[in-house]
Amino acid sequence: MLPVERRFRRNFPSVIDQFLTSEFEDFFRPLATNGASKDFGAIDVIEYPDKYEVLMNLPGIKKENISLSIEGNTLTIEAKEEAKKVEKEGELRYIYKERWSGSLQRSVTLPNASSTENIEAQLTDGVLHIVVPKQEEKKSKKISIK
1 MLPVERRFRR NFPSVIDQFL TSEFEDFFRP LATNGASKDF GAIDVIEYPD KYEVLMNLPG
61 IKKENISLSI EGNTLTIEAK EEAKKVEKEG ELRYIYKERW SGSLQRSVTL PNASSTENIE
121 AQLTDGVLHI VVPKQEEKKS KKISIK
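So the sequence shown is numbered by my numbering: it starts at 1 and just counts up by one.
Hints in this document: simulated from the structure, not taken from any laboratory.
Since the model is a prediction, treat every value here as computed from it, not as a measurement.
All residues carry an ideal CB built from backbone N, CA and C; glycine is no exception.
Incorrect hints may have been included.
[Stated by the list, open to error] With a straight-line cut-off of 25 Å between C-alpha atoms, the simulated DSS-like cross-links for lysine-lysine are:
| no. | residue 1 | residue 2 |
| --- | --- | --- |
| 1 | Lys63 | Lys80 |
| 2 | Lys84 | Lys62 |
| 3 | Lys85 | Lys62 |
| 4 | Lys51 | Lys146 |
| 5 | Lys85 | Lys139 |
| 6 | Lys63 | Lys51 |
| 7 | Lys139 | Lys51 |
| 8 | Lys51 | Lys138 |
| 9 | Lys84 | Lys97 |
| 10 | Lys63 | Lys85 |
| 11 | Lys97 | Lys85 |
| 12 | Lys63 | Lys84 |
| 13 | Lys62 | Lys80 |
| 14 | Lys97 | Lys80 |
| 15 | Lys97 | Lys63 |
[Claimed, not checked] Label pairs and their in silico Cβ distance ranges:
| no. | residue 1 | residue 2 | range |
| --- | --- | --- | --- |
| 16 | Ala42 | Asn73 | 19 to 27 Å |
| 17 | Gln122 | Glu71 | 29 to 37 Å |
| 18 | Leu92 | His129 | 22 to 30 Å |
Turn these sequences into a full structure, and let the hints steer you where they fit.
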């Protein structure tokens, strides 16, 4: 039977090797199956006194590849990005392919106070800003009885 100290020394390098190997594998593993980070396509909806603001993370996406539509109170955002084509010449190949490519569709149901007229959208620094005005509040009105 080996003393505990010797057994530990003999197993120690394999434990370190396993740790380093798993750490490097995790480091280079794509963040998601399609290479998108958990923040890609994330949406915030903020309420202001006179409007709603919808913010969506779309880093690296050109505005030409984004479309917005509204049906009823449902705002739909679609984005697409094609992967860079790597021509097969000799030994040319991807070593890591983590950047997002494909298509994405997100829908947000806006509050009933939303006005679907005059919606504005702007893409700045990879964040899509959508401003949805609120409808004017309907004031109560006295009705006379005849």
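Is Lys63 within 25 Å of Lys80, Cα to Cα? 10 Å, holds
Decide if the proposed pair is consistent with the structure: Lys97 and Lys85, CA atoms, cutoff 25 Å inclusive. 11 Å, holds
Given the proposed pairing of Lys51 with Lys138, does the C-alpha separation stay at or below 25 Å? Holds. Lys51 to Lys138 sits at ~16 Å (cutoff 25 Å).
Taking 22 to 30 Å as the hint, is the beta-carbon distance of Leu92 and His129 inside that range? Since the Cβ atoms of Leu92 and His129 sit about 39 Å apart, the hinted range of 22 to 30 Å is violated.
Do the alpha carbons of Lys97 and Lys80 lie within 25 Å of each other, as the hint requires? 17 Å, holds
Do the alpha carbons of Lys139 and Lys51 lie within 25 Å of each other, as the hint requires? Holds: Lys139 and Lys51 sit about 18 Å apart, inside 25 Å.
Could you grab the alpha-carbon distance between Lys84 and Lys62 and see if it respects the 25 Å cut-off? It holds: about 14 Å lies between the C-alpha atoms, which stays within 25 Å.
Quickly compare the C-alpha distance for Lys85 and Lys139 to 25 Å and report which way the hint goes. 58 Å, violated
Within 25 Å, alpha carbon to alpha carbon, are Lys63 and Lys51? 23 Å, holds
Check whether the Cα positions of Lys51 and Lys146 lie no farther apart than 25 Å. 40 Å, violated
Starting from the hint 29 to 37 Å, judge whether the C-beta atoms of Gln122 and Glu71 obey it. Roughly 22 Å apart at Cβ, these two residues miss the hinted range, so it is violated.
Decide if the proposed pair is consistent with the structure: Lys84 and Lys97, CA atoms, cutoff 25 Å inclusive. Given pair Lys84, Lys97 holds - Cα atoms ~10 Å apart, limit 25 Å.
This entry does not satisfy hints 4, 5, 17, 18, going by the numbered hints stated previously.
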